[in-house]
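Enquirer: Take a look at the letters that make up each chain.
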Amino acid sequence: MKIVIMGCGRVGATLAGLLDAEGHNITVLDLDSYSFRRLPAGFKGKALVGNGIDEDALRKAGIEQADAFFAITQGDNRNILASQIAKHTFNVKRVICRIYDPLRQELYESLGLESISPTVIFADILKKKLEG
Amino acid sequence: MYIIVVGGGRVGYYLSKALLEEGHEVLVIEKSQAYCDIINEELGSICVRGDGCETSLLAEVGTARANMLIAVTGDDGDNLVSCQVAKHKFNVPRTIARIRNPRNEILFKKLGIDITISSTNVILEQITDVVPTHPVTHLHEIRDKGLEIVEVKIPQGAASVGKAIKDINFPAGTILTLIIRKAQKPVVPSPTTVIMAEDQIVAVIDPLMEGDVRKALRGMS
Numbered sequence: 001m002k003i004v005i006m007g008c009g010r011v012g013a014t015l016a017g018l019l020d021a022e023g024h025n026i027t028v029l030d031l032d033s034y035s036f037r038r039l040p041a042g043f044k045g046k047a048l049v050g051n052g053i054d055e056d057a058l059r060k061a062g063i064e065q066a067d068a069f070f071a072i073t074q075g076d077n078r079n080i081l082a083s084q085i086a087k088h089t090f091n092v093k094r095v096i097c098r099i100y101d102p103l104r105q106e107l108y109e110s111l112g113l114e115s116i117s118p119t120v121i122f123a124d125i126l127k128k129k130l131e132g
Numbered sequence: 001m002y003i004i005v006v007g008g009g010r011v012g013y014y015l016s017k018a019l020l021e022e023g024h025e026v027l028v029i030e031k032s033q034a035y036c037d038i039i040n041e042e043l044g045s046i047c048v049r050g051d052g053c054e055t056s057l058l059a060e061v062g063t064a065r066a067n068m069l070i071a072v073t074g075d076d077g078d079n080l081v082s083c084q085v086a087k088h089k090f091n092v093p094r095t096i097a098r099i100r101n102p103r104n105e106i107l108f109k110k111l112g113i114d115i116t117i118s119s120t121n122v123i124l125e126q127i128t129d130v131v132p133t134h135p136v137t138h139l140h141e142i143r144d145k146g147l148e149i150v151e152v153k154i155p156q157g158a159a160s161v162g163k164a165i166k167d168i169n170f171p172a173g174t175i176l177t178l179i180i181r182k183a184q185k186p187v188v189p190s191p192t193t194v195i196m197a198e199d200q201i202v203a204v205i206d207p208l209m210e211g212d213v214r215k216a217l218r219g220m221s
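If you read the sequences in order, they're chains A and B. Numbering-wise, the first sequence is residues 1 to 132 according to our numbering. Numbering-wise, the second sequence is residues 1 to 221 according to our numbering.
Bound-form chain B, shown alone (with noise of 0.2 angstroms):
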């Protein structure tokens, strides 16, 4: 396969390194002439110096013949222009982006970028079981509907203690879906049902909406 790599710092060269090892063909584009060079000696005559969002550029490198282009640089927006490029100009079949802000992530996927990766979000879906304070798990995204998958757990004396869900102001489109409760099998609530503290509640939300369940759920009184 031919595939385009943007962005030569610490991620492009060693994604680099792994791709040529599984026999593809490499082409790095950089802008600095330094991670250029190091690049060209470590790995072989790959990197190309410019700027990966310049059509001439890709043009000049066979973007129209690659099978995918990946952008890693530390920029979010370097990187989707990147993949817009490749893939609108050159109709790469694939291309992916790391992000940096997670809140990308939607945004990227509506303007066709196929994947995209967002380091923070991996090593919070990581922590977030691990580290018990943190007080929204991740547990999965529903990408192309824009919707999250949370767990929330209610701590002693948040203001929705003693209360029916149906009397607690959620934004728009939250869904609880189950409520894990210590000694007792989970239940999936009602409207009429009771929040109590140390519940467990997952729940199906709009991600940009996170704070305000956050708010609602485990406000303080």
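Extracted from the complex, chain A is given alone in its bound form (with noise of 0.2 angstroms):
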């Protein structure tokens, strides 16, 4: 699969190598280059430096052909932004945003965005940690 995915922090840095591993054709994109940093070694993917919410760079990171887009940056409305472009203007069949604020992650499934709040999950381990 062709996936993008936006945001190169611990978290996008750590999917992008699980895909990679698995033999994904994955390009990331960061503002900041020295995050890809965080990539694991032999990395096959691409690293792009690029603002996701702009569709020339979207389309530099080969968003066209994409099968999947994962937004990760730290911005919930970044992520929002960005996830929308992907999929009503670049029609990709599979897009997943993060977005940590819960309420907001909520109206937004409603309206038929798959995204995710770490929050809620994390808050909720920890909980279960706590109640051994």
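By construction, these hints were calculated from the structure, which means they are not laboratory data. Don't take each hint at face value.
[Said to hold, decoys possible] Simulated pairs of lysine-lysine, BS3-like, Cα-Cα distance not exceeding 30 angstroms: (1) A:93 / B:89; (2) B:110 / A:2; (3) B:87 / A:93; (4) A:87 / B:87; (5) B:109 / A:2; (6) A:93 / B:110; (7) B:110 / A:87; (8) B:145 / A:60; (9) A:60 / B:215; (10) B:215 / A:46; (11) B:145 / A:87; (12) A:93 / B:145; (13) A:60 / B:109; (14) B:109 / A:87; (15) B:109 / A:93; (16) B:89 / A:87; (17) B:166 / B:153; (18) A:60 / B:110; (19) A:87 / B:215; (20) B:153 / A:60.
Dock the two chains into a complex; use the hints.
Expert: Below is the structure:
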């Protein structure tokens, strides 16, 4: 699969490494080239400096041929905007978006945007830890 | 009318001032305490500090009874989300977003934002008539169809000069509608019409393909 990942933080870089190891064609986009240091050794995909909310940058990243798009930068609204560009402008089949704010995540899920709120999931894990 | 303005920077400040003068009920949501203080001191206590995308804050300020929400922060993503939350969570009848990247105009429309205002486009429209060197003048935008009407001037030495229209490689969806020639009546082009230097061509294009249209008509040989 051709997959575009926007945001090369810890999660983005780890995800890129995992998918790359499985033989997928990965392009990672980030505003800061320094963040690409997180990509694992032997990463065969492409790392591009660019703004994922800019259509030209997305095009350069190969969004037009992409089967899936992940938006996992630190900014909820940036992720939401980029995901909607991928979904509605480029008709990417699978778009997955990280939204920290649980209420916002709920709203966008109801609007048909596949999204995950790590806040709720992680809080739940911590609570379960305590309860043993 | 009850109008919520998201973003209390310079645009938000003067917009709110004008709306107040017209007798509307205005509430400004602004992240920075400093900007909040300026507005509250100078325009009256109308500014709440917070994130205009947060559902809880929007609920608190009575967004459900707002007639309009205008998002004028400097960030397209923030403005989009504010408007979408207002529209889908609080059924605000009219949402208006300021946008920085003109490309976002079509997407925002598609996503249900009622009005988008791009300062970049407004300025471009003003200068393209005046600055003759600008290769493509934006004449009109047909937003709901995702089309744009532009005027292209053909420079001396362009690869398209001397070629028939049918022999030029245009991006899909491009329609040449009119050719204006010096000292001649405007002509409606046919596939066999030959392009001449100095022609002014009016065309309907897909705005995403503007670069390719420019290349096809103005690219040098």
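Enquirer: Provide an ascending list of the numbers of those earlier hints which the structure does not satisfy.
Expert: none
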